[in-house]
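Participant: Let's have the full structure, built from the sequences with the hints guiding it.
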Amino acid sequence: MRVNPFTFEIVNNALIGVADQMAATILRTSYSTVVREMLDYSTAVFDPQGHIIAQSCRIPIHLNSMSRSLRTTLEGIIPIEEWNEGDIIITNDPYLGGQHLPDVQTFMPVFVGGEIVAICGTLDHHLDVGGMRPGSYAGDAVEIFQEGLRIPPFKLFEKGEANKRFLAIFDANVRQPEQTGGDLRAQAAALSIGRDGVLELVERYGRETFEDCLLDAIDISEARMRAKIRELPEGEYSGEYWVDDDGITDERIKIKVKLTIKDGTIHVDFEGTDKQRRAPTNATISSTESATYFSILSILDPTISANYGLYKPISIFAPTGTVVNAESPAPVVGRNTICHTIVSAIMMALSKVVPERVTAGYYANSNVHILSGDGTGDIPPWILFDIEVGGGGARLTKDGVDCWSQGIHNLANTPIEMIEAMYPLQFTCYEFLEDTGGAGRTRGGLGVRRDIRFLDKSGTLETQFDKFKVEPFGLEGGMPGATGKLFLNPDSNSPLPLRSKTMNQRMVKDDIFSMFTQGGGGYGSPTERNQEAIRRDVVEGKLTPERAQADYGVKVDVK
Amino acid sequence: MSSVRIGVDIGGTFTDVTVLNEEDGNVTIAKVPSRKSDPGGALLDGVNAGLIAAGIDAASVTLLVHGTTIVTNAVLENKLPRTALITTKGFRDVLEIGRHFRPDMYDLQQDRVPPIIPRNRRYGLAERISAAGEVLVRPEEADFDNILESIKADNVEAVAICFLNSYVNPENEALVLGWLNQKMASLAVSASYDVCREMREFERVSTVSVNAAAIPLVAKYLSEITPNIRGVLPNAKVLLMQSNGGSLTVHAARNYPARILTSGPAGGALAVQRMSRDMKYPSLLGVDMGGTSTDISLIQDGELQMTTEADVAGRPIKLPMIAINTIGAGAGSIAWLDEVKGLHVGPHSAGSDPGPVAYGKGGTQPTVTDANIVLGRLLPQFFAGGRIELDVEGSRRAIKEQIGDPLDMSVEEAALGIVRIANANMERAVRVSSAEKGYDPRTMTMVAFGGAGPMHAAALAKSAGMPTVLVPDKPGVFSAVGLVMADIRHDFVRTWILRGEDIAPDVLKEIYEQLETLGREALDADAVPAKRQRLTRTADMRYVGQAYEINVTLPDGEIDAALIKVLSDRFHAHHNQLYAHFHPDKQIEFVSGRLIANGLMSAPPMRQYKTDGGGCPAKLGDHRIYFEEVGGYADTPIYSREVLTPGMVVQGPAVVVQLDTTIIIHPGQSATIDSHANLLIATGGEAHAR
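Going down the list, the sequences are from chains R and G. One gets the numbering used here by counting positions in the first sequence from 1 and adding 282 to each. One gets the numbering used here by counting positions in the second sequence from 1 and adding 1 to each.
Think of the hints as simulated: they come from the structure by calculation, not from any bench. These figures come from a predicted structure and were not determined experimentally. Incorrect hints may appear among the rest.
[What the hints assert, rightly or not] Listed below are several chain R residues computed to face chain G (Cβ distance under 8 Å; list not exhaustive): (1) 288; (2) 509; (3) 671; (4) 697; (5) 700.
[What the hints assert, rightly or not] Derived, one-sided and incomplete: chain R residues facing chain G with beta-carbon distance under 8 Å: (6) 639; (7) 710; (8) 711; (9) 824.
[As the list claims (entries may be wrong)] DSS-like cross-link-like pairs, simulated, lysine-lysine; straight-line CA separation at most 27 Å: (10) G/80 to G/221; (11) G/90 to R/767; (12) R/441 to G/587; (13) G/401 to G/342.
Ideal Cβ placement from N, Cα and C applies to all residues, glycine included.
Facilitator: Structure representation (structure tokens):
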């Protein structure tokens with residue numbers, strides 16, 4: 283180590299504190315519910331080479347990809363010499379290190395003595411970035427050009443001056459400039475807070491110590507990661523899992539992964555994964571990397587400081603032109619589905635090595651749904667972007683958690699009262715779905731039902747759901763979790779089942795949009811489940827007596 | 002005959018007692034062991050010990066203020082009475098689903114905090130209020146009766162009621178509340194509109210569920226203690242300490258037990274506030290370091306910082322509380338190395354059982370206390386008045402073997418590292434508490450109290466750039482001193498969203514008149530005479546489109562256009578202070594009106610001493626203490642706090658021992674005793690001023 287271990291621990295923690303303070307600024311001052319209620323944003327601190335050093339506790343898929351955007355920018359587009367004090371670089375380009383167009387990243391250099399010592403970064407999921415559908419989640423896009431405004435890295439602020447022309451272009455291309463503009467301002471404010479935090483640390487500990495701490499941080503995480511990998515038996519482990527379909531064709535999409543563990547490294551090979559689609563269910567390389575890093579870190583040791591160091595022992599091969607390394611101009615807004623499925627495939631592969639650390643299959647999708655009003659009624663056009671979650675996969679010794687954020691995202695729900703106060707929508711249900719958790723010695727978590735009545739005159743619905751056909755898998759004899767379902771007007775005389783990826787579905791007054799989210803898979807044979815646990819589930823109405831009998835062979839009498 | 006107040010704060014291990022003479026401000030303290038199974042008994046023990054210590058007549062006691070953790074403990078241990086929830090049909094799982102994000106991004110083994118009320122006791126009732134407050138569906142009495150049948154059959158003791166959008170229109174909740182009272186009066190009942198009338202259904206249902214469940218518990222406790230107190234203190238009015246820094250009558254505590262959830266640290270914050278007001282320190286930062294955690298509170302311009310976003314053991318409690326940042330860094334925090342020999346301190350704690358290695362009660366992992374012993378900062382002969390024997394060799398061995406040897410360092414270097422990291426953890430919390438509120442800690446004075454606070458404060462403050470540390474006269478029981486100072490307090494809130502031009506005098510008048518009526522009614526019920534009633538109006542405001550509000554105090558006086566202008570100016574300024582930006586051209590949204598109804602207690606003077614003593618105190622002896630500043634051990638004089646009289650100056654390095662704590666003054670620092678018997682350390686921490 284370059285730095286005294288105590289000073290290191292102190293500076294490293296302080297840097298995480300800086301990322302947290304940036305996150306708090308965004309939360310408090312943002313405008314869209316996507317950011318302020320769902321918490322779909324992230325903040326981080328990077329070294330001058332663009333390696334991530336410290337992250338806030340927000341969205342793992344963002345955090346482990348931001349570094350690639352920044353490095354792509356530094357390496358080919360805006361080299362470090364061209365960064366000035368007061369600059370803010372903006373980008374959302376999935377083909378230059380980003381993930382999908384709504385994820386807008388901003389970066390600000392921190393200068394000390396005329397040189398950059400660190401870079402602060404933020405990523406917000408913006409409510410709308412233009413394109414063919416409100417919310418920029420067009421399920422029927424076949425090219426990225428249909429998905430919205432694509433922003434290659436460039437200077438949103440130059441030496442403290444905002445580029446007003448760009449802001450005008452941005453405003454002119456998005457549907458809710460008031461909200462997206464407000465969120466962009468919050469991102470800029472957070473960067474200044476982050477810069478001040480870093481400056482204070484440098485002032486306090488000296489530049490050399492600060493820089494050495496960054497290097498040590500990477501080395502330590504790398505060493506801890508290698509040590510953890512070395513604990514695993516060497517060998518090759520494969521997993522294979524599926525996406526239901528791409529929404530345009532009905533063919534399922536295969537994600538194939540082979541992990542080679544050798545000498546403190548893991549090589550992850552996606553050979554055999556399906557070709558990219560002419561539909562938005564594609565991921566660019568940064569999404570794939572991020573999902574892979576997330577999976578390995580969370581399975582191996584969640585306590586390792588998540589920074590660039592932990593990526594170093596991991597190498598990834600993702601063949602170009604596949605859904606895990608799509609080539610332009612493939613649309614990519616549905617990359618979440620691919621990424622969650624990658625996590626599941628890796629869990630499956632490593633379940634043979636570390637059965638006590640993985641989970642069975644979970645809902646494995648960011649269940650995106652976007653309701654919008656078209657302005658033909660009494661109120662101006664509006665957009666609600668929301669994501670619902672489902673059941674967690676069972677663990678070796680513990681049940682899966684009912685309806686809880688899992689995998690590559692970590693989203694909060696938006697309060698019903700907040701939505702009802704802001705939009706012409708009214709909820710009719712938000713409850714667990716009994717029997718949706720896969721049976722097992724430990725059972726899968728329950729999915730949830732969430733129903734929304736549309737009160738505007740007319741508008742549309744877009745969805746990006748998955749695991750409607752592919753079941754959340756069980757492990758070691760555990761049963762799969764329930765698949766998801768969507769309906770329009772479920773309790774009417776003519777309920778209309780919707781596809782998992784619904785496009786441009788017309789909504790009129792009093793239509794009810796209803797989601798039944800996926801349950802998690804079970805772990806181990808149901809016959810080994812504790813009788814008291816079965817009884818408790820029946821008493822709580824999480825398991826029906828019929829299914830207790832059918833799945834567990836247990837008769838539970840609840841009066 | 003003089004009139005006397007007694008404060009009794011029942012903590013996990015000890016019950017702290019404060020006796021305050023209202024005339025001369027004289028404070029006497031006492032400490033008795035807590036009784037886990039019989040808190041009421043400990044209360045009486047405390048009262049008696051206080052009376053004896055102060056040598057006063059029981060009849061002269063006019064007020065007993067009581068801080069209790071019975072609700073907190075029941076919530077932490079999930080041992081609340083059996084409770085049911087009646088909520089909007091289709092939404093009974095809101096309480097369990099919560100906001101469904103996980104606190105740790107990467108840990109696959111984490112679980113959600115179990116709900117206060119299990120699913121089989123959560124009942125959906127067909128009813129609905131729209132977001133605009135319109136009654137869409139009125140509850141049917143027959144449906145309610147069916148639910149009541151199940152509740153009766155289930156031996157439920159308490160019922161919470163929470164309907165969607167009841168914060169706009171509570172009609173349906175009130176209807177069901179009425180049926181419950183009428184049909185089953187023996188049940189404890191609580192409705193969300195009455196407990197916290199605010200938007201966000203999960204946070205509200207969480208709050209009302211805890212409140213309802215705690216009612217039977219608190220009612221039973223109060224009915225046990227009240228006659229006993231009357232027996233001992235015939236003339237005393239009894240008040241309970243709340244989390245909001247005010248006190249509550251027994252009558253109100255029976256209905257709103259959630260308000261007394263985190264009353265323990267509130268006493269400390271209140272004592273800091275009193276210090277601020279009496280001694281003209283506008284900005285103080287309280288650091289209360291105990292065995293397992295440290296509580297940090299902030300006083301700015303004499304006012305406590307408040308929050309409505311607190312939670313207790315992961316369960317949101319949407320009530321105004323003093324904003325206290327509690328971190329898991331205390332004297333018992335365990336030091337450990339990870340697999341690549343990175344040193345960490347906490348979050349695990351050895352607590353008081355088994356405690357640090359030095360206690361010889363089976364603890365094997367080195368703690369912050371052990372590190373302080375190795376460095377010579379905790380003197381075995383003075384620890385707890387010499388009543389507890391410390392195993393100094395045990396501390397050294399544990400730190401040497403588990404930290405020093407693996408890191409190839411001396412045992413002292415390792416111990417110093419542990420203390421530095423513990424201080425850094427606290428310093429982060431100090432910065433979060435102040436910087437997140439937009440205040441610079443370097444302009445504040447640190448008040449150090451709790452058993453371990455004064456040992457760390459001088460180094461901590463210096464490193465945070467804070468020039469002065471104030472160690473009160475009796476730091477170990479400082480929190481209990483806050484209790485006897487508390488005003489009676491009720492908080493009321495009314496969410497009523499208004500934008501821009503709609504924020505007009507007539508509506509604001511209507512909102513605040515409603516609130517003021519509630520406030521006066523509550524204070525009248527507490528028998529607070531009109532001249533001692535003080536009503537303070539505040540507003541939660543934000544820019545249109547933001548989700549989080551900033552609380553701004555309304556100026557006194559008639560609500561008119563000019564007052565509204567002042568209010569919006571205050572909002573812009575506050576936003577700028579918090580987030581370093583503001584938008585005078587953006588529309589403002591008024592979200593909620595709030596009212597603080599205080600029943601004012603008289604504020605007794607702080608005791609004044611003459612400071613003409615001066616000079617150098619006599620030392621008890623010397624002790625070898627290891628200091629980073631001198632790179633090794635320094636012969637350090639030991640002083641007894643008892644002989645330090647106002648006006649005296651102590652040069653560092655020095656160690657000051659007293660019954661309830663040890664104060665470390667580092668080389669290069671100096672300390673003086675002020676006219677209130679506070680010890681003020683000049684930390685030399687101004688170096689980092691911006």
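Participant: Decide, hint by hint, whether the structure agrees.
Facilitator: Evaluated hints:
1. With its C-beta approaching chain G no nearer than about 4 Å, residue 288 of chain R sits inside the 8 Å limit, and its interface hint holds.
2. Hint on residue 509 of chain R holds. Least Cβ distance to chain G is approximately 5 Å, under the 8 Å limit.
3. Because the beta carbon of residue 671 of chain R sits about 6 Å from the nearest beta carbon in chain G, less than 8 Å, this interface hint is met.
4. Satisfaction of the interface hint for residue 697 of chain R is found here, the shortest Cβ-Cβ separation to chain G being roughly 5 Å, below the 8 Å cut-off.
5. Here the hint on residue 700 of chain R is kept, as its CB sits about 7 Å from the closest CB of chain G, short of 8 Å.
6. With a least beta-carbon distance of about 7 Å to chain G, the hint placing residue 639 of chain R at the interface is held under the 8 Å criterion.
7. At a threshold of 8 Å, the smallest CB-CB gap from residue 710 of chain R to chain G is about 6 Å, leaving the interface hint in force.
8. Taken as an interface hint, residue 711 of chain R checks out: its beta carbon lies about 4 Å from the nearest beta carbon of chain G, inside 8 Å.
9. Because the smallest distance between the Cβ of residue 824 of chain R and any Cβ of chain G comes to about 7 Å, under 8 Å, the interface hint for this residue holds.
10. Straight-line distance between C-alpha atoms of residue 80 of chain G and residue 221 of chain G comes to about 15 Å, which keeps the hinted pair within the 27 Å bound.
11. For the given pair, residue 90 of chain G sits about 22 Å from residue 767 of chain R by alpha-carbon distance, which is consistent with the 27 Å threshold.
12. The suggested pairing of residue 441 of chain R with residue 587 of chain G holds, with an alpha-carbon distance near 25 Å, which does not exceed 27 Å.
13. For the suggested pair residue 401 of chain G and residue 342 of chain G, the alpha carbons sit about 14 Å apart, so the restraint of at most 27 Å is met.
Comparing the model with each earlier hint shows no violations; every hint is respected.
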